[in-house]
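Q: One letter stands for each residue in the lines below.
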Amino acid sequence: DAGVIQSPRHEVTEMGQEVTLRCKPISGHNSLFWYRQTMMRGLELLIYFNNNVPIDDSGMPEDRFSAKMPNASFSTLKIQPSEPRDSAVYFCASRYTGELFFGEGSRLTVL
Amino acid sequence: KNEVEQSPQNLTAQEGEFITINCSYSVGISALHWLQQHPGGGIVSLFMLSSGKKKHGRLIATINIQEKHSSLHITASHPRDSAVYICAVRVITQGGSEKLVFGKGTKLTVNP
Numbered sequence: 001d002a003g004v005i006q007s008p009r010h011e012v013t014e015m016g017q018e019v020t021l022r023c024k025p026i027s028g029h030n031s032l033f034w035y036r037q038t039m040m041r042g043l044e045l046l047i048y049f050n051n052n053v054p055i056d057d058s059g060m061p062e063d064r065f066s067a068k069m070p071n072a073s074f075s076t077l078k079i080q081p082s083e084p085r086d087s088a089v090y091f092c093a094s095r096y097t098g099e100l101f102f103g104e105g106s107r108l109t110v111l
Numbered sequence: 001k002n003e004v005e006q007s008p009q010n011l012t013a014q015e016g017e018f019i020t021i022n023c024s025y026s027v028g029i030s031a032l033h034w035l036q037q038h039p040g041g042g043i044v045s046l047f048m049l050s051s052g053k054k055k056h057g058r059l060i061a062t063i064n065i066q067e068k069h070s071s072l073h074i075t076a077s078h079p080r081d082s083a084v085y086i087c088a089v090r091v092i093t094q095g096g097s098e099k100l101v102f103g104k105g106t107k108l109t110v111n112p
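Sequence order for the protein chains is A and B.
Taking my numbering, the leading residue of the first sequence gets 1, the next gets one more, and so forth.
Taking my numbering, the leading residue of the second sequence gets 1, the next gets one more, and so forth.
By construction, these hints were calculated from the structure, which means they are not laboratory data.
Positions of the beta carbon are idealized from the N, C-alpha and C atoms, including for glycine.
Keep in mind that a hint or two might mislead.
[As the list claims (entries may be wrong)] DMTMM-like cross-link-like pairs, simulated, lysine to aspartate or glutamate; straight-line CA separation at most 20 angstroms:
no.	chain 1	residue 1	chain 2	residue 2
1	B	K99	A	D57
2	B	K55	A	E104
3	B	K68	B	E17
4	B	K107	A	E104
[To be verified] Computed Cβ-Cβ distance ranges for the label pairs, DEER-style:
no.	chain 1	residue 1	chain 2	residue 2	range
5	B	T75	A	T38	40 to 48 angstroms
6	A	Q80	B	S97	20 to 28 angstroms
7	A	R41	B	S97	18 to 26 angstroms
8	A	R9	B	E67	16 to 24 angstroms
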């Protein structure tokens with residue numbers, strides 16, 4: 001299996017632009033998580049899906065952030081409009097029942 | 001106070017030394033994860049524990065549920081073990097969902 005696949009790996013954009021991050025979980029995994037990592041706050045859960053349904057989005061910072069999982073093999077995290085404080089590494093992870101498997105992360109820089 | 005506390009924050013060792021990283025938590029958990037993050041960013045899950053002890057190669061993880069404490073040990077450390085080690089606990093929220101709460105990480109440097 002190719003593991004959890006995220007794209008893009010790196011994104012540099014200007015404040016106000018829309019950013020879309022993508023994730024393909026491991027086939028057969030029924031839970032998908034979006035995390036954000038910053039130097040100041042470490043790793044934080046943004047949202048988690050179980051069987052494509054959002055279960056807990058309490059970590060989504062504000063209305064500028066939205067996430068979708070239209071099917072079991074694809075999820076997006078969208079930021080609109082982006083702000084410099086959104087600069088971070090965004091990780092997607094998936095699991096079935098036990099171990100978590102992380103993607104390589106998407107490093108976002110908002111200028 | 002953070003729900004998950006790791007110590008030490010930074011650790012430098014010589015190749016071959018025995019390493020211990022500690023994790024204490026203050027909430028009820030259903031499981032505890034140890035994660036490894038190398039420079040360049042990828043995160044790998046090393047262990048998931050709910051009780052006792054697990055071993056994988058030179059790595060050993062233990063957990064004491066009563067004391068709310070876990071340790072990660074590395075025997076015969078090697079420079080390639082240099083990474084950030086993150087403890088994360090799985091908690092069930094009031095709404096019945098689950099979330100991982102992360103420690104700040106321990107940065108390990110193993111010198112040759």
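Q: Next, verify each hint and record whether it holds.
A: Now the hints, each set against the structure:
no., hint, in the structure
1, K99/B - D57/A, "10 angstroms, holds"
2, K55/B - E104/A, "25 angstroms, violated"
3, K68/B - E17/B, "26 angstroms, violated"
4, K107/B - E104/A, "19 angstroms, holds"
5, T75/B - T38/A: 40 to 48 angstroms, "33 angstroms, violated"
6, Q80/A - S97/B: 20 to 28 angstroms, "25 angstroms, holds"
7, R41/A - S97/B: 18 to 26 angstroms, "21 angstroms, holds"
8, R9/A - E67/B: 16 to 24 angstroms, "41 angstroms, violated"
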